[in-house]
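Trainee: Sequence:
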Amino acid sequence: MVVLAVAWLVTSHHETQATPGEVKLIAPGVWFREGELKDKGHCNNIWIEMKDYLIVVDANFPSGAEACLADIKKTTQKPVKYVFDTHHHGDHSYGNPVWTKLGATTLAHVGVTEEMKRYEPKRWQDTAKERKDVASLNLSTAELPKQTFKEDKMVLDDGSRKVEFHFLGWAHTRGDGFVYLPKEKILCTGDAVVNGPYNYMGDGNSANWPNVIAKAKKFDVATILPGHGVPGSKDVLGGQQQFFVELRKAVGAAVKSGKKLEDLITKQGEKATATSIKLPDSVKNWVDNESLGAQVEVVYKEITMDKPHGEILGGK
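Counting from 12, one number per residue, gives the positions in the sequence shown under this note's numbering.
Bear in mind the hints are in silico, worked out from the structure with no lab data behind them. Misleading hints may appear alongside valid ones.
[As the list claims (entries may be wrong)] Mimicking SDA-like on lysine to any residue, the simulated pairs with C-alpha atoms at most 25 Å apart in a straight line are:
hint, residue 1, residue 2
1, K282, A218
2, K289, M316
3, K49, W135
4, K282, R142
Treat the numbers as computed from the prediction; the structure is a model and nothing was measured.
Based on the sequences and whatever the hints tell you, model everything.
Mentor: Now the structure itself:
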């Protein structure tokens, strides 16, 4: 049974343990569902009630989409009209066919479509070998968003609620989208801002990431709904931003002192498993010793090659 509860706001995932699959009422008509990340790889979902329909934030993986749909039906009978992909990664977009089959329109910044064209069909096909929910769709590649916008801002306003979609630049991916509810002072961030040690940086731009968050901090915000981790206050923006500042500062100092990559990380095969880099306690909410090695490797390559890792990995 899904538990429907008024949300509590926390800054750190260490302060309150999240309950995957739990649905929380954040504001009247705005619901947050904590994704089952550890066991199923799911992202968080948000659904927003308009007068006659719903807007869902992120398509999730197919199994995550189905779980989200089941919980939506426990909160409202309104149909899902739009599903906004905050970015192209599978845990946020591979569920697109589940939603469009029901008649919903998948929506994203054009950068999401460009990223999908850059990395697909290989990532879809590789994922289908590992995930039954993706394989069960019997598709050869990811389904692109049905509707995109090129501008930095798009607005949906039906008189009952105003919902803004923003592109603030390249952080986690080249198509990062934010959803802002000005009246409720809620910002849905996708993986450009997470609340915990969940920063995958493979397609990212760590030099520009703090700049994107600086733009996000200009919104009048009381509540952050991240792509992974529990809801938080606006302080989550500052913590996420500082994590990247400290990470680049530490790796940059190591590069300047002549350290080689193998001096900084330990690898098992192709995977970085540990690092000698230490970050201050002020950003410990975003640090996991196992993933930090991979993050150090990404930043080291960005600094020494003078380009974003997403460009190193996927080209211009």
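Trainee: Hint by hint, note whether the structure agrees.
Mentor: Results for each hint:
In summary, the hint linking K282 to A218 is supported, as the alpha carbons are separated by about 23 Å, within the 25 Å threshold. Restraint check for K289 and M316: the C-alpha separation of about 22 Å stays at or below 25 Å, so the hint holds. Proposed proximity of K49 and W135 is supported: the alpha carbons are some 20 Å apart, at most 25 Å. Restraint check: the Cα-Cα separation between K282 and R142 comes to about 21 Å, which is no more than 25 Å; the hinted pair holds.
Comparing the model with each earlier hint shows no violations; every hint is respected.
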